[in-house]
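Please take these sequences and the hints and turn them into a complete structure.
The listed protein sequences correspond, in order, to chains L and B. Numbers in this note's numbering are just positions in the first sequence, counted from 1, shifted up by 1. Numbers in this note's numbering are just positions in the second sequence, counted from 1, shifted up by 1.
Calculated from the structure, these hints are not laboratory results.
Note that identical chains are pooled: a pair holds if it fits in a single copy or bridges any two copies.
Straight-line C-alpha distance at most 30 Å; calculated DSBU-like pairs for lysine-lysine:
1. LYS172 x LYS32
2. LYS83 x LYS70
3. LYS17 x LYS127
4. LYS127 x LYS12
5. LYS32 x LYS21
6. LYS17 x LYS70
Being a predicted model, the structure only gives us computed values, none of them experimental.
This is what each chain is made of:
Number of protein chains: 2
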Amino acid sequence: MQNFVFSNSTKIIFGKNTEKQVGVETAQWGKKVLLHYGGGHIVRSGLKDTVIHALKEAGIELIELGGVKPNPRLSLVNEGIKLCREHQVDFILAVGGGSVIDSAKAIGIGVPYDGDVWDFYSGKAKVEKTLPVGVILTLPASGSESSDSSVITKEEGWLKRGCGGPAMRPKFAILNPELTFSIPPYQTACGIADMMAHVMERYFTNVHDVGFTDQLCEATLRSIIHYAPIVIEEPENYNARANIMWAGTVAHNDLLHTGRIGDWASHNIEHELSGIYDVAHGAGLAIIFPAWMKYVYHHDVDRFVQFAVRVWGVEQDYYYPERTALEGIRRLQEFFRQIGLPTTLKEAGIPDDRLEEMAAKCTADDTQLQGSFVQLSQSDVLEIYKLAR
Amino acid sequence: MQNFVFSNSTKIIFGKNTEKQVGVETAQWGKKVLLHYGGGHIVRSGLKDTVIHALKEAGIELIELGGVKPNPRLSLVNEGIKLCREHQVDFILAVGGGSVIDSAKAIGIGVPYDGDVWDFYSGKAKVEKTLPVGVILTLPASGSESSDSSVITKEEGWLKRGCGGPAMRPKFAILNPELTFSIPPYQTACGIADMMAHVMERYFTNVHDVGFTDQLCEATLRSIIHYAPIVIEEPENYNARANIMWAGTVAHNDLLHTGRIGDWASHNIEHELSGIYDVAHGAGLAIIFPAWMKYVYHHDVDRFVQFAVRVWGVEQDYYYPERTALEGIRRLQEFFRQIGLPTTLKEAGIPDDRLEEMAAKCTADDTQLQGSFVQLSQSDVLEIYKLAR
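What follows is the structure, encoded as structure tokens:
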């Protein structure tokens, strides 16, 4: 087991009607708030009114900035930074899913920074200071509500890049499963693929004898797999939505990572897809992850056997372990298909004429290898895109 | 699923040589430290010298108070409070196991409190303020290193009582599995029983459809069960010690509790045992828990079947579920025996002539029922003691 530091300080406020506590929680951190959100959904659902009411009752002034899109854009982040500076905002409240939260985090680190906020995403600057950020989560997927990172897309060149640091962890996150009842099945499924990817990226590691976190990862995956078809079929099943929502947070709050070295290649390989084609990140992962697995499973068949047996309940073939390993991958792909996700580029309507370009961008023309479980060069990444066709 | 707030702010610093970071971590909280510990073990092992050196290097003054015993005593807590006030101590560093940490927490809340510190334990006062506490853990068991509670024994009447509150959570906890290599097998096993009890007390709940935390509980138990015989047989197996140590912390950091209502009857029934007989708390739990299970399993056979199948790998009898449930309880008891623990009062050399007295104390003469999974009266508790003979 590797040495680690684990400190997840985000206060999780979970359950029915918890969004009404947002005024009290926010008042502990700021007096003038940027209310950051996406489209009209939170208006139509009445959530925005509830939030504004709670903030005003707590004596908080607010400035609004809506319009966050999936794969949140740098231009809006810059607009937010300007707005916060103009109005001397001291707290950012993100109401939405991962895109809104990531955008809020980017604004948060941009405000006290003299240079271009993209410096953090291009690796030129290190996150040290931020405006505090709070969250009301409406879409369980990214885990951003208690993670210390953010992913932003720069329109110029459609570069999708991430950055992180302990300061970026939200101060509180309010999670009411009822707010997720209205998420359409496809978006629900995309969220499920995203959270499963977060677990699997920790699971496939070269660090051995980390049985406890192996078990926690498998437990989280099995829970998601159990409740996923229920939330697709019965979108207003509170307990199923609640289990999925909490699993999505735990999947990415660093607990499952303790003592291990993860492999984020699949996320990065997918980022090139959703950066260019604006496909939902979760759908992209449902396409890329099985392809990545087929390409790398030879590296550690035992681990893929364990994955197949413990996560998917595959009957183990003790003499031909590869059969078991491949059956696990097949079950994952079948599961994604069952919940309504594309599992190939073709099914997602993505052409295969820019695979070389994506592989080159992903590996920065082969100067930057991807992954740690297996280190991937530009040509490896290209093969994975080809397997995903 | 129940509404919940989850906020575990203790910074965990885990791994080899991490005790050397104690100066830097402590300096963030205080300048004058009470170094609180138990017996000569940390002197003989050289840990005390390492800690003092690290603290002095960070410019920290220190006062010492050793002598904490298992089932830590109120009299020493009062001595610590006096010492802290006299020397204007601003931070308490606990170096040891759960008893030392619980004693440090008690001193921490006692210092800024005008009345008798026992008020917190007798329910007369509520914890609001404390001196900050840090931990170097040497015995994985109690989970006190990141929990928000403490259990103290008052010598007068040998009352063993707990109290808690968010303020009591340690600021940091340093966990180096190497420091646990020298724990003798019996004490190791007692720690294992304690951490398993913490999980099982959360597992047996009347809240249904909490599948995610069910899975996390089962994963934690299976991990402990897997690594327990290894740490008993190979006390210097780093990875096995590390998995056990981290599982012991997670077992009691509130994650496994989220959305559920736990049942702490077994802990309280055991407290009367170890309060009177000074038996190790973990050994007491190995005696009481199977007896409690035999007494209550009728209340929810399905849950005990799930426990048997998922935790112990019992082959399910679909027609006679009680057989499966009872086999799970038998396996638990057998496991405790296998790692060298007593599983009856007789095996622990405890006579059965004060069972009525313990049952009465535990339920405060039947005005106070124990448990929530099944609510237990004085006569129920007496039956459990009898089953444990």
